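Participant: As a plain string of letters, each chain reads:
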Amino acid sequence: MSIESTHSHDNDAHPAAPGDHHDHKPTGFFNRWLFTTNHKDIGTLYLVFALIMFFIGGGMAMVIRAELFMPGLQLVEPDFFNQMTTMHALVMVFGAVMPAWVGFANWMIPLMIGAPDMALPRMNNWSFWILPFAFTMLLSTLFMDSGGPAAGWTLYPPLSLQGGQSFAFVVFAIHMMGISSIMGSINVIATILNMRAPGMTLLRMPLFVWTWLITAYLLIAVMPVLAGAVTMLLTDHFFGTSFFNAAGGGDPVMFQHIFWFFGHPEVYIMILPAFGVVSEIIPTFARKPLFGYAAMVFATASIAFLSFIVWAHHMFTVGMPLMGELFFMYATMLIAVPTGVKVFNWVSTMWKGSMTFETPMLFAIGFVVLFTIGGLSGLMLAIASVDLQYHDTYFVVAHFHYVLVPGAVFALMAGTYYWLPKWTGHMYSETWGKIHFWVSTISVNILFFPQHYLGLAGMPRRIPDYSTQFADFNMISSIGGFIFGASQLIFVGVIVHCVYKSRKAAQGLVWEGGKGLEWTLSSPPPYHSFNTPPLIDPTTISHPEEAH
Amino acid sequence: MAHHADDQYYVPHGTKWPIIGSLGMITMLASAAYWVNDSTVAPWTFLAGALILIYMVFGWFGEVIRESESGMYNDQVDTSFRMGMLWFIFSEVMFFACFFGALFYARVFAVPWLGGEGTGAYTNELLWRGYESVWPTAGPDQLGGSFQTIPAFGVPFINTLILLASGVTVTLAHHALKKNNRGALVSWLLATVLLGFVFVFFQIEEYKEAYQHLGLTMGSGIYGSTFFMLTGFHGMHVSLGAIMLLVIAIRCMRGHFNPEHHFGFEAVAWYWHFVDVVWLGLFVFVYVY
Ligand code: HEM
Ligand SMILES: [Cu+2]
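From first to last, the protein sequence lines are chains A and B. Under the working numbering, the first residue of the first sequence is numbered 1, with each subsequent residue one higher. Under the working numbering, the first residue of the second sequence is numbered 1, with each subsequent residue one higher.
FYI, nobody ran anything at the bench for these hints, they're computed from the structure. Watch out, some of these pointers could steer you wrong.
[Said to hold, decoys possible] Derived list of chain B stretches under chain A, where covered just means 3 residues or more per stretch with a C-beta under 8 Å from a C-beta of chain A:
(1) 10-20
(2) 25-31
(3) 105-117
(4) 130-140
(5) 235-244
(6) 266-273
[Unchecked claim] Stretch-level coverage of chain A by chain B, calculated; a stretch enters the list once three of its residues show a Cβ under 8 Å from a Cβ in chain B:
(7) 214-228
(8) 243-249
Note that this is a predicted model, so its numbers are computed, not measured. Think of the CB as a built atom: it goes at the ideal place given N, C-alpha and C, for glycine as much as any other residue.
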């Protein structure tokens, strides 16, 4: 069925202007936040939740870096250290980065495609409100007699099966997160495919919308697989099955295959929306249309496709047949091609642009440069023969932190600065935003760059103590970590100031180079974003063709 | 027809059901976690959580049904619901794919390697000398003792016929609905529900037989693990589907749906076909082959 046929609107339906809406915002705290079906309120809930998780996970990272500040065991018991590495990852992946992206999706997708709200607003509420419960359950395991999970976020058996009573709580918490993600993704897909304003054809959609469409597909495809994997762990632990027990004909390596079939797409789930945000920001501040819009879309789709057939690059050392090693090595390297397309397109967009460097742009450029470093170390890891050396060392830790912290997290920050005026109706402090950027960028490199050397020299990951030869780089890394952690307080300060204190009102068009529907609305936008479908023409789409 | 005369879109107002659902879910799952850790009160709190969830489902769906029956939904809402259901079924497909994947991996790789094939020669030589790769197997250590399997062409085959027949009856019900033949609609639906419950009944009998006479349990190595995981989750889905069909049948008796608009019916029918197809996979790869 064609989208057009579902609307019986006439063409002079005017773009929604700020004044002409009856904003029936619900009153009262519970009505507003607990029972809400509004995409903006739910988006805000997701973002606030993610920020809180970011600090909880960050606190754990501080414990890790404090213990690793010097060789020897100083602060925490080894088992607690392992709980910290495990929980840090689980909280950051499932509690901070993923919900933050869903928050962005909630806020921005209806605004960007000209819809009044998400397609399934009640379910939208539920997908959020599962999360606080899931994470309460997950975090509560730290206070149980057996302690929290300590086998790493990858939950490899047999080690993970040696966890005590808390293990069941972890499994069920993961189930809840999965349910939440799946519902959120179904909502995103239905919204994008069904709620676009007439004329907003697929290839006119902003890239953020495209990347989220593909992300949502990945989520629906792999979260159930994770659910199945942890269910098998549960039954192996408590019900005597032997999926991962060789004595019964099972295989612990099978868990790794299943986990990484989920796990590799999962890393793209965290990074594709980041690609989208950066693709929105760079054209705005380079004042040039995005270079190669269609190529960006197809690159995203091919990355998503390839992400399903590379999982075993996480398992080069488990003793796969040679053909397996080769296949996964070459397939992995293939991903560098579409990823490279993206990086070159961002750079070409900036080429000869009239650039200004407001905070969102700084973070976006920081993303392009530093994410690329992570991509290159990924390529090194993709070479099966050398991964035998790098695997499970700090080189891997450096790799994925480069793609995740100055990668995904920087994109989250870039997006926050970019749209914060739109969300709140106030301008944030540009000075403090820039300070935040520079302190973060410098410290994140002090934090993670030395870890490459540590890894190449052979320091294993997930160990609370280390040989004295690694002392210097660890100390440097920890100092960077403390500065990075502290500098995120600036971020919170800027947000709080912007929301509650800033007197500088934001225009509808916050950034003069901004293109796309979200800028046609007031800041903040009306409660139901578009009550009537807006008119879509080349002036209101984000990535109009470049004039030749 | 939109909610407000001047709106083109339908946007529902606040809802209390999700938060109730979350409370039910956390009560149920936290209880389940205590339960597997041998808590004696947990079964009761689990039940309480399940009841809260059921209350939520009735309340939430009841609201949606009332809105739908009073004509508040336009075509766009209908399409959103359809997409929602289809993608939900896709997620279920992937959930089962995970366990099928485990089955195939075990049969194609893990067990032969334990038997010394390919790269497994040393594992076999050093750890389990003399273990020969066969299927079904309880593994080199014969975990759970020796067992016999359920023959495919007994009850499982009958169950296959039952589910296939139920796919036909639900389609006949759909045709009756489209022709607005209420009597036939309700009868075919009830026949489908009945077939569903008979399937579940046979499945339970089969489990009893396995546990009591064949020595086949969840602990019977990888065969028992995959067998019970796959058939167990499938059985749960059939039960759920049959209950949903029953609800739809009751709604039909109350005069809900019309020949043009009956998404609720279709959604459940899709779901039913989905559990049907999963069963065919099970029958072939778990029982026959
Ligand atoms: C050019 C693209 C990339 C390539 C070729 C690549 C390759 C790899 C390889 C081979 C490993 C396994 C290393 C080992 O354990 O020995 C790995 C680990 C990892 N990568 Fe990447 N990667 C790429 C991009 C990304 C991106 C974009 C993300 C996330 C946003 C990411 C996140 C991770 C994570 C989290 C791990 C470690 C997981 C763990 O063991 O805990 N990678 N990568
Ligand atoms: Cu990977």
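Participant: Would you mind marking each hint as holding or not holding in the structure?
Facilitator: The hints, checked one at a time:
1. 10-20: holds (count 9)
2. 25-31: Our answer is that it holds, as 4 residues pass the Cβ test (under 8 Å) against chain A, meeting three.
3. 105-117: holds (count 7)
4. 130-140: Satisfied; 4 residues make the cut.
5. 235-244: n = 0 at 8 Å, threshold three: violated.
6. 266-273: Per the Cβ count (0), the hint is violated.
7. 214-228: This one holds; 8 residues, not fewer than the three required, reach chain B with a Cβ under 8 Å.
8. 243-249: Coverage by chain B holds for the stretch 243-249 of chain A (6 residues, Cβ < 8 Å).
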